[in-house]
Amino acid sequence: MHIDTVILVLIEVLIVIGMSCLMRLAFLRIKQPLVIGEIVAGITLGPSLFGWVAPNLAATLFPPETVPFLNVLSQVGLIFFMFLIGLELDIKYLRGKKNVAIFTVAISALVAFALATLLALLLYPLLSHGNVSFTAFALFLASATSITAFPVLARIITDKNFQPTYLGTLALTSAAVNDLIAWCLLALGIAIAREGSIGTWHTIIASLLYIGFMMTVGRTFLKRLAIYYRRTKHLNQLVLALIYMGVVASALITELIGIHLIFGAFLLGTIMPKNAGLVREIARKTEDFVLRFLLPVFFAYSGLRTEIGLVNRPELWLLCGLVLFVAIAGKYLGTYVAARFSGIEKREASALGWLMNTRGLTELIVLNIGLSLGVITPLLFTMLVIVALVTTFMTSPLLEWIYASMVIGLHVVEKEDEPEASREIIATVDSYDQSYRILVPVANPSTQKGLVQLAVAIALNYQQPTAVHPLSLIELSEDYAFESTPVETNRLIEERRQQLEELIDTLEPPSTRSYVHPIIRISSNVAQETAEIAELEPADLILVGWHRPAFSNNRLGGRVGQILTTATVDVAVFIDRGKVRLENLLVPYSANIHDDLALILALRLLINRDTCLLKILQVVSENRVKNEMSYELHKMMEQLPQSVSDRIDIQRIEASEPIQAVVKASERVDLTIAGTSRAWGIERQTLGRYTDELAIQCRSSLLITRRYSQVSSHLASVLADANTHESALRG
Numbered sequence: 001m002h003i004d005t006v007i008l009v010l011i012e013v014l015i016v017i018g019m020s021c022l023m024r025l026a027f028l029r030i031k032q033p034l035v036i037g038e039i040v041a042g043i044t045l046g047p048s049l050f051g052w053v054a055p056n057l058a059a060t061l062f063p064p065e066t067v068p069f070l071n072v073l074s075q076v077g078l079i080f081f082m083f084l085i086g087l088e089l090d091i092k093y094l095r096g097k098k099n100v101a102i103f104t105v106a107i108s109a110l111v112a113f114a115l116a117t118l119l120a121l122l123l124y125p126l127l128s129h130g131n132v133s134f135t136a137f138a139l140f141l142a143s144a145t146s147i148t149a150f151p152v153l154a155r156i157i158t159d160k161n162f163q164p165t166y167l168g169t170l171a172l173t174s175a176a177v178n179d180l181i182a183w184c185l186l187a188l189g190i191a192i193a194r195e196g197s198i199g200t201w202h203t204i205i206a207s208l209l210y211i212g213f214m215m216t217v218g219r220t221f222l223k224r225l226a227i228y229y230r231r232t233k234h235l236n237q238l239v240l241a242l243i244y245m246g247v248v249a250s251a252l253i254t255e256l257i258g259i260h261l262i263f264g265a266f267l268l269g270t271i272m273p274k275n276a277g278l279v280r281e282i283a284r285k286t287e288d289f290v291l292r293f294l295l296p297v298f299f300a301y302s303g304l305r306t307e308i309g310l311v312n313r314p315e316l317w318l319l320c321g322l323v324l325f326v327a328i329a330g331k332y333l334g335t336y337v338a339a340r341f342s343g344i345e346k347r348e349a350s351a352l353g354w355l356m357n358t359r360g361l362t363e364l365i366v367l368n369i370g371l372s373l374g375v376i377t378p379l380l381f382t383m384l385v386i387v388a389l390v391t392t393f394m395t396s397p398l399l400e401w402i403y404a405s406m407v408i409g410l411h412v413v414e415k416e417d418e419p420e421a422s423r424e425i426i427a428t429v430d431s432y433d434q435s436y437r438i439l440v441p442v443a444n445p446s447t448q449k450g451l452v453q454l455a456v457a458i459a460l461n462y463q464q465p466t467a468v469h470p471l472s473l474i475e476l477s478e479d480y481a482f483e484s485t486p487v488e489t490n491r492l493i494e495e496r497r498q499q500l501e502e503l504i505d506t507l508e509p510p511s512t513r514s515y516v517h518p519i520i521r522i523s524s525n526v527a528q529e530t531a532e533i534a535e536l537e538p539a540d541l542i543l544v545g546w547h548r549p550a551f552s553n554n555r556l557g558g559r560v561g562q563i564l565t566t567a568t569v570d571v572a573v574f575i576d577r578g579k580v581r582l583e584n585l586l587v588p589y590s591a592n593i594h595d596d597l598a599l600i601l602a603l604r605l606l607i608n609r610d611t612c613l614l615k616i617l618q619v620v621s622e623n624r625v626k627n628e629m630s631y632e633l634h635k636m637m638e639q640l641p642q643s644v645s646d647r648i649d650i651q652r653i654e655a656s657e658p659i660q661a662v663v664k665a666s667e668r669v670d671l672t673i674a675g676t677s678r679a680w681g682i683e684r685q686t687l688g689r690y691t692d693e694l695a696i697q698c699r700s701s702l703l704i705t706r707r708y709s710q711v712s713s714h715l716a717s718v719l720a721d722a723n724t725h726e727s728a729l730r731g
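Taking full-length UniProt numbering, the leading residue of the sequence shown gets 1, the next gets one more, and so forth.
The reader is advised that the hints may include incorrect statements.
PhoX-like, lysine-lysine: derived pairs with alpha carbons at most 25 angstroms apart [claimed, not checked]:
#1 615 / 664
#2 233 / 285
#3 615 / 579
#4 233 / 274
#5 223 / 285
#6 664 / 579
#7 285 / 274
#8 274 / 223
#9 449 / 274
#10 223 / 233
#11 635 / 615
Derived from the structure by calculation, the hints contain no laboratory data.
All chains should be built: construct the whole structure from the sequences, respecting the hints.
Structure (C-alpha cells):
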C-alpha cells in the first residue's frame with residue numbers, strides 16, 4: 001500500500017465516523033434505531049448523494065483503489081460483530097415459549113419463503129446475472145427478505161420495556177429461531193453459488209462436521225474459560241487475545257470450508273459459556289471498538305455500493321415497491337396468522353409481526369455477501385437496501401400505533417399454566433386506585449433517602465388513600481450493544497429494584513413502607529417519560545431532587561429543568577441539606593400561584609404531622625403593596641382545624657432585600673418551601689433570580705414548587721377528613 005493510500009484511507013475513516021455520529025444523533029431525535037442513521041450515513045457518502053452532488057470531490061475522497069482496504073476493515077468488523085451476536089444469543093430465549101415460537105416461525109418462514117420464491121421467478125430473468133443458478137438466487141432472496149435483525153429487535157424491545165412481557169419473550173424466541181433458519185439457508189445459498197450443485201454436498205458435510213466438533217470438543221474446552229473466570233472474576237489481556245485468535249481462526253475455517261467468514265465467528269460466539277459476568281466483560285471490551293469504528297466502515301462500504309440512481313424508471317420503482325411489499329407481507333402475514341392460530345390476541349400478534357419485520361444491519365450483511373459473490377446485481381442490491389431501511393424505520397411508529405406508548409412495558413408475563421387469553425393484564429403500574437400519588441424520580445437510591453422520606457411525609461396522613469412511587473428510569477446509552485440485550489436489562493432492573501427495596505426498608509416509621517411502590521423502567525428519554533408516567537397515573541405531584549450546590553449561570557438545565565418545563569402536573573424540586581427533622585417549616589409568601597402551592601404543601605405537612613410548626617413569612621420591600629393570599633387559599637386557611645391553625649405563625653415584615661430576610665429566617669427551620677416566582681423574573685428553565693439565589697444561600701433544606709394544576713387537589717379531601725376527625729374528638 002502506497003503511503004498516500006494510507007493517508008487517504010485514514011481520511012476516509014475520519015469522514016465515515018464523523019458522518020456516522022451526526023446521523024446517529026439525528027435519528028436519535030426522531031426515536032429511531034440508531035443503526036438506521038448509520039446505514040443512511042453510509043448511503044450519504046456513496047454515489048446516491050455525495051457522488052451525485054459533488055462527483056469530483058467524491059471521486060477524490062473515495063477513489064476505487066481505496067475501496068478494497070475499506071472492505072478489509074469492514075470484514076474484520078463483521079467477523080467480530082457476528083461473534084457478538086452469537087455471544088449475546090442466550091439459550092434462555094429458546095426456553096419457555098419455544099413451542100409457540102417454533103410454530104410461529106415455521107409458518108411465517110413458509111409464507112415468507114413461498115412469496116420470496118414467487119418473487120424470484122419474476123426477478124430472476126430481470127435482475128440476475130446469467131451465470132447464477134436460480135436456486136442460489138432464490139435462496140439469497142429468501143434469506144434477505146426473511147431475516148430479522150436480532151440486535152436491533154432486542155434494542156427496540158428493551159426501549160419499549162417489552163423484555164419482561166409475554167410479547168417480548170415470544171419475539172426474542174421467534175427471532176432467534178428465525179435467524180438460525182435464515183443463516184442456514186444463507187450458508188446453503190453461498191455453498192451453491194460457490195461450488196455449484198455438485199460441490200454443495202461436500203461443503204454441507206464439512207460444515208456439519210465442523211459444527212459437531214465445535215459443539216463437543218470446542219464447547220468442552222471453552223468450559224475451562226468459564227471456570228477460570230469464576231475463579232478470577234477478570235479476563236487478562238492474554239486470555240482476551242486467545243479469544244480473539246479463536247474468533248479469527250473459526251472464521252477462517254468456515255471460509256475455507258466454503259460458506260463464509262461470518263459463520264465461524266457466529267458459531268464461536270454461540271458456544272461460548274453464557275456465564276453472565278464473562279459474557280458482559282467480553283462484550284464490553286469488544287463492542288466499543290467494533291460498533292463505533294469498524295461497523296461504520298462497513299456501512300460506508302455498503303453505501304459506496306448502493307446507488308439509488310439505478311432505480312431510475314417508473315417500472316423499476318414499481319419492482320422495488322413489489323419487493324418491499326413481498327418482504328413486509330411475507331413476514332407480517334405469516335407471523336400474524338401463525339400467532340393467531342397459537343391463541344395469541346390480535347394486538348400482540350400484530351405487534352409480533354411488525355417486530356419480526358425488523359431487518360436493519362443483518363440484512364445488509366446478507367446483501368453484501370450476495371453482491372460480492374455476484375448472486376445479486378447492484379440494482380437488486382439497492383432495492384433490498386431500501387427494504388432494510390423502510391422495514392426497520394417503520395417498526396417503532398407501528399408499535400406506538402398498536403400499543404399506546406405508556407402501555408408498553410406495563411404488562412406482565414403470565415405464568416405457564418395460565419390460559420393464553422389472559423395476557424392483557426394491566427394498563428397502569430398499580431391495579432389498585434389511589435386518591436393521592438406522588439411520583440419521585442430517583443437517579444441514585446443510595447443518596448436520595450431524604451427525597452423519598454419527604455415524599456412520604458407529604459403524602460401520608462392515614463386519612464386519605466395515598467401512594468408514593470419512587471421512579472427509577474434506566475437510560476441505556478448505546479444501540480444494539482450488550483447493555484441493551486434483554487438479559488442484561490433485566491439484570492439492571494433487578495439490581496435497581498433491590499437498591500430501591502433497601503432504601504424503602506430504611507424509611508421511618510416502618511409502618512409507612514407499605515405505601516411506597518417503586519416503578520422501574522428502561523427509558524430513552526428520562527424527563528419526557530417521567531412527565532408521561534405522571535400524567536398516566538395520574539400523579540398529584542412530581543417530587544424531584546437537585547444535587548448541585550448552586551444553579552450555574554442562573555439557569556436550571558438538564559432533566560430537572562426539562563421536567564419543570566414539560567410536566568403537566570405540579571412539580572417540587574428538593575435541595576437536601578441533610579436535615580432529618582421536619583418539625584419547623586418556613587414559607588416565604590409573595591402572593592403568586594407557585595407560592596400558593598408552596599403554602600398548600602406546607603399545610604399538608606402540618607396536618608400530617610401533629611408536632612410540626614409553620615411560619616409564613618410575608619416580606620415586602622419599600623413602596624410595595626402588601627402580599628395578600630388568593631381567595632381560594634384564604635378560604636382553605638379558614639377551613640383548617642383549630643389544632644392545625646394554632647401551629648401557624650404569620651409574620652409580615654418590610655425589608656429592602658427580601659432574599660436576606662428569608663435566608664436569615666431559614667437558619668432556624670428544618671425546611672423552607674418557596675414557589676418559583678414570575679414576579680422575580682422566572683423564565684424558561686430557570687427558577688427566577690430570587691429562587692436561584694435562595695437555592696444557593698438557604699441555610700435549611702429547600703423545596704421549590706412549580707404549580708400547574710389546582711392547588712386544592714393536595715388538600716381538599718384531607719381538610720374534610722381532618723375536620724371530621726377533630727369534631728369526633730371534641731364530641
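Original post:
Is it true that the CA of residue 615 sits at most 25 angstroms from the CA of residue 579?
Top reply: Roughly 17 angstroms between the alpha carbons, so the hint for residue 615 and residue 579 holds.
**OP:** Take a quick look at whether residue 635 and residue 615 sit within 25 angstroms of each other, Cα to Cα.
**Re:** Holds. Residue 635 to residue 615 sits at ~19 angstroms (cutoff 25 angstroms).
Subject >> 25 angstroms limit on alpha-carbon distance, applied to hinted pair residue 233 and residue 285 >> reply: holds, 14 angstroms
Subject >> Holds or violated: residue 233 to residue 274, with C-alpha atoms at most 25 angstroms apart >> reply: Holds, because 14 angstroms separates the two Cα atoms, which is no more than 25 angstroms.
Original post:
Are the Cα atoms of residue 285 and residue 274 separated by 25 angstroms or less?
Top reply: OK: residue 285 and residue 274 at ~16 angstroms, within 25 angstroms.
Original post:
Can the restraint linking residue 223 and residue 233 be considered satisfied, given a maximum Cα separation of 25 angstroms?
Top reply: Distance ~15 angstroms between residue 223 and residue 233 Cα, so the pair holds.
**OP:** For the pair supplied as a hint, residue 449 and residue 274, confirm whether the alpha-carbon distance does not exceed 25 angstroms.
**Re:** violated, 36 angstroms
Original post:
residue 274 and residue 223: Cα distance at most 25 angstroms?
Top reply: Holds, at roughly 10 angstroms.
**OP:** Starting from residue 664, check that the Cα of residue 579 is at most 25 angstroms away, please.
**Re:** holds, 17 angstroms
Original post:
Between residue 615 and residue 664, is the straight-line Cα distance small enough, at 25 angstroms or below?
Top reply: With a Cα-Cα distance of about 13 angstroms, the restraint between residue 615 and residue 664 holds, given a limit of 25 angstroms.
Subject >> Distance restraint between residue 223 and residue 285, which requires alpha-carbon spacing of 25 angstroms or less >> reply: holds, 20 angstroms
Checked against the numbered hints above, the structure violates only hint 9.
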